[in-house]
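> Sequences are here, hints too, so could you generate the full structure?
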Amino acid sequence: MSSPKKVFTKGNEAIAMAAINAGCRYYFGYPITPQNEIPEYMAEHLPATGGEFLQAESEIASINMLIGAAATGVRVMTSSSGPGISLMQEGFSYFAGNELPAVVVNISRQGPGLGGINATQGDYFQSVKGGGHGDYKLIVLAPHTGQELYDLTIKAFELAEKYRILTLILGDAILGQIKEPIVPWIPEKTAGDPDRDWLITGAKGREPRLIKSLFLADGEMEKHCWHLQEKYERIERDDVMLEEVDTADADLIVVAFGSVARIVKSAISQAREAGLKVGLVRPITLFPFPRKRLFELGGRTKHFLVAEMNTGQMVEDVKLSLPGDCQVEFYGRPGGSVPTPEDLYSIVSENCEKLQA
Amino acid sequence: MSSPKKVFTKGNEAIAMAAINAGCRYYFGYPITPQNEIPEYMAEHLPATGGEFLQAESEIASINMLIGAAATGVRVMTSSSGPGISLMQEGFSYFAGNELPAVVVNISRQGPGLGGINATQGDYFQSVKGGGHGDYKLIVLAPHTGQELYDLTIKAFELAEKYRILTLILGDAILGQIKEPIVPWIPEKTAGDPDRDWLITGAKGREPRLIKSLFLADGEMEKHCWHLQEKYERIERDDVMLEEVDTADADLIVVAFGSVARIVKSAISQAREAGLKVGLVRPITLFPFPRKRLFELGGRTKHFLVAEMNTGQMVEDVKLSLPGDCQVEFYGRPGGSVPTPEDLYSIVSENCEKLQA
Amino acid sequence: MARVDVEIERCKGCALCVDACPEQVLKIGKEINLGGYQHVIVANPDDCTGCCRCAEMCPDVALAVWR
Amino acid sequence: MARVDVEIERCKGCALCVDACPEQVLKIGKEINLGGYQHVIVANPDDCTGCCRCAEMCPDVALAVWR
Amino acid sequence: MKQVFKRPESMTSKPFHFCPGCHHGIVHRLVAEALDHFSLREKTIGVASVGCSVFLYDYFAVDVIESPHGRAAAVAAGTKRVLNDRIVFTYQGDGDLAAIGTAEVIHAANRGDNITIIFVNNSIYGMTGGQMAPTTLLGQRSTTSPYGRDCDRDGYPIKMTEMLAELEGPSLVSRVAVNTPGNVKKARKVIRQAFQMQVEGKGFSFVEVLSTCPTNWGMTPQAANDRIAEEMIPYFPLGTLKQKDVVDVL
Amino acid sequence: MKQVFKRPESMTSKPFHFCPGCHHGIVHRLVAEALDHFSLREKTIGVASVGCSVFLYDYFAVDVIESPHGRAAAVAAGTKRVLNDRIVFTYQGDGDLAAIGTAEVIHAANRGDNITIIFVNNSIYGMTGGQMAPTTLLGQRSTTSPYGRDCDRDGYPIKMTEMLAELEGPSLVSRVAVNTPGNVKKARKVIRQAFQMQVEGKGFSFVEVLSTCPTNWGMTPQAANDRIAEEMIPYFPLGTLKQKDVVDVL
Amino acid sequence: MYNDVIMAGFGGQGIMVIGNLLAYAAIVEDKNVTFLPSYGVEMRGGTANCSVVIDERDIGSPIVGRPMSLIIMNRPSLIKFEPRMKPGGVVILNKTLISPDVSERDDIDLLALDLNAIAEASAGNVRLANMVALGAYVEKSGVVAVASVSAALKDALNPKYHKMIPANQKAIEAGAAAARG
Amino acid sequence: MYNDVIMAGFGGQGIMVIGNLLAYAAIVEDKNVTFLPSYGVEMRGGTANCSVVIDERDIGSPIVGRPMSLIIMNRPSLIKFEPRMKPGGVVILNKTLISPDVSERDDIDLLALDLNAIAEASAGNVRLANMVALGAYVEKSGVVAVASVSAALKDALNPKYHKMIPANQKAIEAGAAAARG
Ligand SMILES: Cc1ncc(C[n+]2csc(CCOP(=O)(O)OP(=O)(O)O)c2C)c(N)n1
Ligand SMILES: Cc1ncc(C[n+]2csc(CCOP(=O)(O)OP(=O)(O)O)c2C)c(N)n1
Ligand code: SF4
Ligand code: SF4
Ligand code: SF4
Ligand code: SF4
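Residue numbers (our numbering), protein chains in the order written: chain A, 36 to 392; chain B, 36 to 392; chain C, 91 to 157; chain D, 91 to 157; chain E, 55 to 304; chain F, 55 to 304; chain G, 2 to 182; chain H, 2 to 182.
The hints are simulated quantities; they were obtained by calculation from the structure and are not laboratory data. All of these numbers come straight from a predicted model, not from anything done at the bench. Be aware that one or more of the hints could be misleading.
To be verified - Derived DEER-like restraints, expressed as beta-carbon distance ranges:
{"#": "1", "chain 1": "H", "residue 1": "Asp31", "chain 2": "B", "residue 2": "Arg326", "range": "31 to 41 Å"}
{"#": "2", "chain 1": "G", "residue 1": "Arg128", "chain 2": "D", "residue 2": "Asp109", "range": "19 to 29 Å"}
{"#": "3", "chain 1": "E", "residue 1": "Leu192", "chain 2": "F", "residue 2": "Ser67", "range": "41 to 51 Å"}
{"#": "4", "chain 1": "A", "residue 1": "Glu223", "chain 2": "F", "residue 2": "Pro291", "range": "56 to 66 Å"}
{"#": "5", "chain 1": "H", "residue 1": "Gly125", "chain 2": "F", "residue 2": "Gly255", "range": "32 to 42 Å"}
{"#": "6", "chain 1": "A", "residue 1": "Glu364", "chain 2": "H", "residue 2": "Ser100", "range": "27 to 37 Å"}
{"#": "7", "chain 1": "A", "residue 1": "Ala392", "chain 2": "B", "residue 2": "Trp220", "range": "35 to 45 Å"}
{"#": "8", "chain 1": "F", "residue 1": "Pro291", "chain 2": "B", "residue 2": "Lys258", "range": "57 to 67 Å"}
{"#": "9", "chain 1": "A", "residue 1": "Glu265", "chain 2": "G", "residue 2": "Gly13", "range": "32 to 42 Å"}
{"#": "10", "chain 1": "H", "residue 1": "Ser100", "chain 2": "E", "residue 2": "Glu254", "range": "53 to 63 Å"}
Beta carbons are placed, not taken as given, at the ideal position from N, Cα and C, and that holds for glycine.
Structure below.
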């Protein structure tokens with residue numbers, strides 16, 4: 036290859052490769068299309084690192100093995116897709132209550148039900164609003180290219196550890212299956228601090244420790260919930276990520292994440308060529324959602340278009356972020372039908388026309 | 036008893052009694068506090084109706100047995116609480132994709148994680164946004180008294196059948212455990228139409244039928260998703276339920292559901308006695324959410340206070356419903372701490388003071 | 091007198107029937123069917139005894155046997 | 091010489107120790123402890139052989155035995 | 055001449071989507087023949103599982119419910135409790151039944167639910183592209199055991215038939231293969247018996263069928279078929295481990 | 055005089071929250087004694103399950119992870135894979151292990167995960183108030199079998215020990231009781247052996263302990279204790295069904 | 002008239018029984034009522050308590066934040082609930098298990114009774130201490146008539162305990178008498 | 002210059018292999034590229050197809066809505082993809098399995114080749130029909146140099162097939178030659 040540092044890699048493999056390079060040494064998972072290249076890569080490469088790949092008997096077992104491993108402080112991961120992620124919701128809620136760090140990847144596919152293996156973004160609500168019981172949040176990262184799959188996987192381990200939180204990488208069948216040249220790199224820190232005061236390692240020479248989510252004393256659970264809430268607010272303050280394209284002078288700002296954002300980029304450059312002032316906001320963190328920045332942008336631009344591969348989910352967060360006088364349109368394709376750049380260009384230009392009228 | 040038709044009944048029993056009176060003949064479930072009186076009542080009373088109570092080996096088995104039974108067209112139910120409901124999320128998604136009718140009761144408790152058995156409303160998002168994968172909705176009913184637990188259980192079976200949809204009754208530990216006098220009644224129709232053209236009964240003298248959620252032909256799944264979406268829109272048009280108290284002249288409207296709404300009622304009558312113009316909107320259907328009515332009310336009243344036993348969930352739907360110039364405050368108590376009427380009165384009067392200032 | 095018929099468009103050319111037939115009646119031909127498979131052909135029809143072994147082994151129910 | 095001691099506030103009066111003791115050393119008394127339980131008392135201390143059967147059966151680890 | 059071998063009536067005419075040489079097709083046919091034998095088609099409800107056999111409904115001319123992965127036994131239990139005069143069967147792969155669906159099948163068996171389970175053990179996850187199953191043989195390579203299944207890490211291939219035979223509930227627990235015409239005939243008989251148990255109300259019947267997956271074994275159909283006798287049967291011995299009284303049906 | 059019976063060091067001094075006469079307390083003590091015996095306290099990690107024993111962490115002076123209901127074996131597997139020089143045990147009730155947690159325990163056993171599982175079978179759901187468990191005896195009344203467990207509807211009480219003993223993975227599978235001083239002594243020995251297996255890296259060890267639930271059986275502690283010999287042991291026979299070589303530890 | 006009470010004690014002291022009975026008594030008088038039991042950790046150990054709200058009008062909150070009255074059967078319950086009481090509220094205290102000295106409020110109307118002794122004396126059964134407490138509370142608060150409580154026994158008690166109704170009535174009366182002074 | 006292609010055929014016809022190879026050829030030329038495989042029902046039956054997008058600039062959408070070019074190996078694929086094509090687009094059609102008459106567009110640039118025969122003739126292996134198709138496509142479209150495709154073989158193929166590189170090169174060359182006419 037002419038450019039020596041580039042590796043032509045499938046999205047799923049980029050994630051797995053990044054995880055190992057980020058110091059992830061344990062992977063527990065159960066097969067499901069379209070993410071199987073992740074466990075397969077792990078099965079092939081983890082043994083050589085001294086780590087372990089273990090195929091669990093189900094997604095429920097996976098997420099619970101993850102609890103057991105995360106409690107020891109090592110970097111651990113699982114991955115799945117729609118139905119499997121649904122089965123993990125009790126575990127997600129426990130992760131939140133237990134305040135344990137780990138990374139979960141959802142290479143999402145069609146739903147509801149068995150659906151099929153094509154790409155959708157129908158799991159946005161499940162990811163950001165909490166599909167499990169109780170008041171909790173995950174950090175949710177939404178990459179849109181192979182390189183970003185790689186980079187954000189590393190970031191996911193860092194954020195998980197920084198906040199003792201489950202971090203979800205929300206991809207889809209397109210991102211998981213696409214092959215692109217990427218540049219791998221190794222972060223400086225590839226393991227958590229071994230001295231963290233909550234690690235479960237056996238009570239040698241110290242008081243016994245406990246990982247739990249049951250708080251019984253009067254008001255103790257409420258306190259715990261507010262503590263979690265405070266943490267979520269810190270995350271919203273410090274760790275929002277987004278990308279903006281051409282927003283400065285935009286009459287219309289499209290908001291889209293993940294693979295749709297990528298398709299939107301094609302549509303937007305077409306639109307700019309046609310003289311339409313269109314910009315893009317691409318939330319990279321879905322939680323924390325870039326509320327503040329959207330609110331700012333809504334001070335100047337009054338028209339927004341949210342494009343998703345679902346019947347309308349992130350659009351709610353966009354509306355909740357923007358000033359009351361902004362107008363928000365929605366374009367959605369659910370059930371595995373992926374909009375083409377042409378589809379998006381025509382909807383963008385339609386909206387621009389409406390604006391002029 | 037002096038009033039012969041009143042029965043002094045625990046909330047959970049009111050649900051079970053209503054279910055049987057609504058023609059529910061099959062119950063599958065797994066124990067979890069604080070809803071055990073539901074399966075226990077069913078175990079005691081279903082056999083005499085010719086129906087069957089079966090204790091499943093887990094909540095996952097329960098929801099899947101429900102799929103198998105619902106496909107035959109009989110009225111069926113399960114019930115659980117937080118962790119158990121989380122485990123059913125894959126099944127919920129299948130119910131949506133399969134378009135099967137059934138009733139699920141969530142007598143919710145503290146979360147996230149194992150939590151405890153006190154009441155919260157932390158499962159609002161899970162219920163209305165879809166805790167499972169894919170684009171789907173359940174009908175979500177939120178009773179606030181023993182009588183309403185009874186009445187809405189009957190309604191739940193009717194709605195489930197009307198729309199071929201899973202209908203969730205979202206209660207909490209208070210509502211499940213409280214005993215109150217209620218007046219039982221028997222609805223006219225206690226079974227679905229045996230001629231529905233999708234029932235799985237064996238292909239005797241007709242074409243074989245199929246219940247599925249996997250649609251593979253190009254665009255077929257998208258069509259199915261839009262079909263579901265259209266159904267959800269019909270539900271939003273035709274079956275919204277809410278209660279209003281003193282909203283006509285209100286300077287401040289409190290929005291609350293379930294047991295909190297009940298506590299708010301005490302606070303509001305105190306407030307009215309103190310001369311404060313406070314009203315209440317109590318969504319009875321959480322999906323469909325009373326968006327339209329809130330929007331109307333927001334034309335006149337500009338200040339809203341949302342009170343929930345969580346860190347802020349329904350408040351998002353309230354904001355999404357109201358005109359952009361309304362102000363929405365939030366008061367929340369998560370983790371099983373129940374606000375007292377006094378708490379709510381003081382927060383209401385504080386808000387009223389701010390209004391005057 | 092016995093006969094085996096191949097439903098060509100069902101055949102995927104797996105040859106399990108070829109192995110199962112004690113009389114070498116069947117073999118994989120050169121032709122490709124619409125599914126893209128080189129399907130089985132009845133090479134020695136006269137040797138068929140109608141024992142059904144081929145059909146029992148055919149995963150695609152592509153064979154019918156008369157006797 | 092043997093002795094059995096009851097940690098009164100741990101005892102829940104289940105009487106499993108009473109049944110287990112071959113020497114009838116223990117019995118449930120009349121007193122109620124802070125937990126609201128009628129706890130066990132050492133009725134016949136001199137008969138104790140220190141065999142530990144009572145303690146083996148005590149679900150609340152309320153007994154200690156010396157020998 | 056009379057037609058002595060033809061497609062059973064409980065089957066549709068749609069060609070299978072299975073890979074060339076995959077035993078799923080044989081097992082489908084045997085189940086359909088059993089339904090024909092007892093004239094059950096019009097009163098049968100099939101429960102499809104998630105795996106290569108998910109399209110059951112395209113091939114059987116019976117009512118079908120598609121189950122979530124692993125939960126077919128629970129779905130079938132729900133259906134059968136309501137319609138206890140209908141015949142309810144599930145058809146499940148080894149990933150579906152022996153991994154994610156372990157609890158559901160064990161408890162359906164333990165309850166003695168009057169249903170029939172056809173368990174197709176091809177020692178691999180077919181549909182998802184060849185990952186290790188709980189039944190994958192020691193040393194067998196798969197996409198998630200690229201260095202071969204290692205008993206220290208992954209444990210031994212699980213014998214569901216042996217485990218279920220330990221329970222009181224089942225009326226029939228048996229393992230068969232379809233790798234030779236003779237074994238197909240034996241399998242036909244056992245599958246018939248399984249449905250007969252249900253017809254007679256005798257409770258849970260379970261037939262494990264050793265099966266090939268040429269695609270994910272990376273073998274030709276013929277080599278895959280040979281592997282059944284060479285590697286599968288020695289570890290998973292054929293035979294009926296548990297059987298309540300039954301009139302012979304063949 | 056020397057103190058011949060005292061609280062083990064691996065236990066804290068906190069009084070149990072268990073009901074009067076509940077065997078959970080005895081089993082807790084025996085586990086703590088086994089940890090003391092091999093001086094394991096400082097390298098042990100307990101996995102608490104959901105049930106009356108959820109407060110494990112209050113009573114054992116070891117690191118503890120609270121598991122979701124039924125998943126203790128999976129949690130423990132996750133921990134042990136990382137810290138394979140530590141001792142990891144779970145403590146689970148019959149609702150937890152034999153109902154919702156069936157798949158997790160079977161697969162941990164089948165993989166031969168080097169952990170120890172203490173399975174307290176009191177034939178009922180204790181914490182949630184007396185519902186039927188998979189182990190509830192035929193005819194036994196519970197809040198969800200108010201007319202007695204009926205084998206036609208609910209199946210037979212499940213014998214986890216017998217089922218697990220069928221698998222290759224486990225090093226020790228045994229059933230004990232703590233209803234008499236003699237049985238307590240035997241139970242102590244088996245529980246010790248179970249931990250010894252783990253110490254020696256021999257793989258999965260499993261001890262089922264028949265146990266009382268006076269509260270939900272609606273019996274006095276004494277009557278409940280008697281029921282173990284009268285009704286439980288006859289159906290759930292005591293004894294070690296599977297054991298790899300081990301040096302006797304008593 | 003609105004009235005509320007929290008009753009609390011050990012599990013096994015019959016707290017739920019008297020809460021339930023009071024609710025039935027309210028129904029006898031055609032009043033609205035809510036009865037809300039609340040346990041500690043599910044069933045084991047811990048204390049049990051319940052709240053009863055009685056009113057002629059519709060009942061809003063079944064949750065009692067600042068109780069008007071208490072029936073307190075053990076020490077932890079006094080410590081937990083006394084601080085929340087409304088000034089002037091009525092407390093029936095089980096002197097058998099708690100010394101009135103433990104009380105820290107002087108703005109409440111505390112009646113400490115040796116409930117076990119009264120139960121033993123009146124009905125020959127210490128287990129009816131709960132009924133004594135209820136009788137005393139009803140008499141002192143006037144929330145319902147003592148007769149209504151007696152009348153409600155057959156609705157509130159499981160039929161298998163109906164033969165104990167007379168003993169219960171005696172205990173209730175004795176409690177009422179003790180409250181009258 | 003932006004260029005995209007969809008390749009489609011039966012599973013087993015080596016569609017993914019040539020998609021992947023084309024992508025590697027683009028990398029050889031230091032271009033940006035995305036390769037997106039898409040299967041029918043997971044792996045069984047059905048048809049396989051993939052989209053390759055090549056550009057000097059960053060690639061936006063990897064999804065090809067209206068393809069500029071097609072390589073079509075079986076009949077269902079032609080029926081599925083032809084209608085979506087941009088006018089003037091290039092189609093390489095496998096005449097061995099599909100008659101060009103099935104095509105319904107007259108505004109495209111269709112090259113029907115007997116791929117199997119060419120593969121057999123040039124490389125002695127019908128299985129290399131896919132390489133013939135790719136060679137023809139690359140030659141006709143000019144998206145990358147034929148030499149780059151040949152050069153990319155060692156990156157794109159599993160080392161265990163490296164001994165077949167010469168045969169593959171022959172097939173590619175033969176395809177290119179056929180396209181040149
Ligand atoms: C909850 C869930 N997890 C995982 C999957 C993905 N999945 C589909 S089929 C399958 C297993 C297929 O293997 P098997 O059951 O052995 O059947 P086969 O395809 O070999 O016939 C899996 C894991 C799914 N659909 N749902
Ligand atoms: C997912 C989930 N389902 C149900 C419960 C409720 N639950 C708590 S403990 C328990 C079972 C208790 O029985 P067992 O395991 O036999 O233990 P015991 O209390 O008898 O010791 C159940 C069902 C839960 N906490 N989580
Ligand atoms: S040690 Fe033995 S003799 Fe002494 S009290 Fe206990 S059981 Fe009785
Ligand atoms: S066994 Fe223990 S708890 Fe029970 S009575 Fe004896 S000392 Fe008390
Ligand atoms: S993948 Fe395997 S199991 Fe599935 S159809 Fe192909 S050969 Fe059969
Ligand atoms: S409920 Fe039963 S198992 Fe639980 S502590 Fe009480 S007696 Fe023991």
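> Going through the earlier hints one by one, which of them does the structure break, listed in rising order?
1, 5, 6 and 7
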